[in-house]
Amino acid sequence: MSAYTYRVRSQPNYPSLKWDVSGARHLLVILDLDTNSIAELCRSPCPGPLEILVRGEATHPALIPFNKANILIHSFASMDTLIVALENALDQTTMGLRLYALGHEDGLWKCNKAGQKVGMSRDEIQLAQASTTGRPVYCVHCGHHMNLIHTNITVCTGCKRHLLVRDHFSRLLGAYMGFQIDAESPGLIPAVEEVFP
Amino acid sequence: MSAMRNVVVSRIQSLAPGIKEFTFVAPPGEELSRFSAGSHIVIHSVLKGKPHHNPYSLLGSPDDPHWRIAVRRQEVSRGGTAYMHEELKEGDTLRVSEPINLFPLVRLGRKYILVAGGIGVTPILSHAREMSRLKMDFEVHYAVRSAEFLVLSDELRALAPGRFYTYFDSEQERPDFKQLFGNQPLGTHIYVCGPSGMIDACLNAGRAAGWPESHLHSEKFLAAEHGEEFTVVAAQSNVTITVASDTSLLDALEEAGLNPPCLCRGGACGQCEAEVVSCDSEFEHRDIFLTDAEKSSRKKIMPCVSRVKGGTLILNI
Ligand code: FES
Ligand SMILES: [Zn+2]
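Just so you know, the sequences run in chain order C and E. In terms of my numbering, the first sequence has 55 at position 55, counting the first letter as 1, and numbering is strictly consecutive. In terms of my numbering, the second sequence has 263 at position 263, counting the first letter as 1, and numbering is strictly consecutive.
One chain only, chain E, in its complex shape:
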């Protein structure tokens, strides 16, 4: 687990139906560390006796003495968002990780295209701020369900005057990725964050237009989805645990007092990779770290987002 610290909720603001912005400050006498554009923190919360760990992008400026995040309430998959929306109050203290950056900015490009879908706007805003500060050539494309969900747009418009484009699903508007990729100068990079379907559509259009992987950047936070209950045996520690259908494998290991390594808790960084000794059921790999070959080898699993469909999983931990 990466370094943890306490923060105090200094402000909660409603941005749109189901979307709130939270501002955190350091407890008295402490200071928050600086972060780079694209960083996120992991918030630890307990709702109805169940621990949750959710990653959120920092959307503020690294120069601010506070940290800002925006949270969309998600019903099923991310219990932590319900906690943020319903339980948390101004003045409360929260346990969070120090900032981690898995979506850093490549500075060698000639031009940048930022694409945000819905709440995926948060890391895009921090990149836009950094690019504006460095006087880089960039434009922003922001797609939302309808006008009322267009959050943080004033800040974006101010950072990219004349180069800020919005798309409303309700009006049948959508970014035309084919056109967007078709006519950009060499040295252009694209950064996309949003729902999986949009990220896939965007990256596939880029590949079809001949863009190399090194110029396609995406960030997808995965949530540990629910599934069937199963049994996990930690062979080295000789512990047997039942993983409930609404608990992630990583959370279950931690609850049992094991301390497996992890960083992003979103299936992206590779820190939590665990070696499988045996498994008598099917794997549900949900990470974006392991290769397809590794996934089908049944030898590795990323406990933060992946699980198995019942039965017993024996891990070499």
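Excised from the complex, chain C in its bound form:
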């Protein structure tokens, strides 16, 4: 059974996080402090030892449900330091761990990649989108990666082309494909709208 189901055009579908009772230990990565998602997850107690990596302050009110003596919370100022810490933790730990990631899509797939790097399978990792639907975008023309794109059309920061942000998602790249929108009629750019709040 896979944790994600595909919608049309390979767009990932993110169910909300649920503690996996088949796991022996649990590692939760909070990329964005989303109070509602955390509250929902905490409606049931974690079934085993839990450690948390969070981007932001460990004292943030959203983390109150985790204020228990036996839960270790490590806080990180940036995504990069958090991902490095995650990679180290996964490299050191043993089978039986379940990985949960909560936050924006770009970060989710970085966590997924860290898991895959040490040979974790889909049934050991859960990803849940929270706080924003801003998309990671990959420019198919110059290979540039952009993050948190909120609009249907965006200018590639690599090659300056106007890209249409497609629903086609690549798990390998952890990004949506961006294609030049005015390739056939240069300069003809439809209205830019915020569609991924």
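Keep in mind that the hints were calculated from the coordinates and are not lab data. Keep in mind it's a predicted model, so treat the numbers as computed, not measured. Beta carbons: idealized from backbone N, C-alpha and C, even for Gly. None of the hints are false.
Stretch by stretch, here's where chain E covers chain C in the computed footprint (C-beta under 8 Å, at least three residues):
{"id": "1", "region": "17–24"}
{"id": "2", "region": "94–102"}
{"id": "3", "region": "121–134"}
Calculated Cβ distances over 12 Å to all of chain C for the following chain E residues:
{"id": "4", "residue": "Phe164"}
{"id": "5", "residue": "Gln236"}
{"id": "6", "residue": "Glu254"}
{"id": "7", "residue": "Gly270"}
Position chain E with the ligands against the provided structure of chain C, taking the given hints into account.
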């Protein structure tokens, strides 16, 4: 039925009491197809007028021009093994299926643990050979009744030097699954083949240690066990057949000239699934393919290993 071919028995060698190794080559002018690690073939034999179909793992190297299997003689459930041990001679020609792989290797792991019990060592040997070739990190645990049954161990030891562990029942030795599962890095996969009791103990220990199903791999060849005689009606073909107590439902259908689909003949692949129209007795499901819910629904049966306890079974075939 999967594609069939002839092979010639080029060598028969006794490995241990009741265990023989057979080497097959292609008939003159032909070549055997290559296979992947974990594959098996199904051998068709006729003993005392009764057809038998038994699956055996290929234990040789895919690079060899021949195929190798090892067969333990089993008294009751697998008549075909008696044929292999007593009737078959070097130079004989056999009818076999092309290789089928239902126990393939996942290549994304960081580490592999191979566990063999008794004659279940055969697919484990072919996996060990593949892992050694691909320079994967793996170790082998091999449990047998006593030292004399430790077959094929020289090959295994050479493939996994320093990482080959043996256990003798006679010495009260047994793999400590709890410990084995307790301390493995993320990305570890386990492959187990052996008697049902050992497979269950192994998989349960893995689950208890929090391992996900995707990292637990097992292979169990099931045999069509004997049971009560019953009547089967193939509704579409309008044929009524008596299934004798020592014949499998699949064999009986084939003997009657029906050609139901099948592949593994061991209750694992799902190919032979048949729809039940009605049944006036109890089911004896022995496959590992149908879910428990499907089994209790009385709507499906796997004729290769399962049967009913007397009465009449009507199938939509
Ligand atoms: S032939 Fe494979 S399950 Fe019956
Ligand atoms: Zn670009």
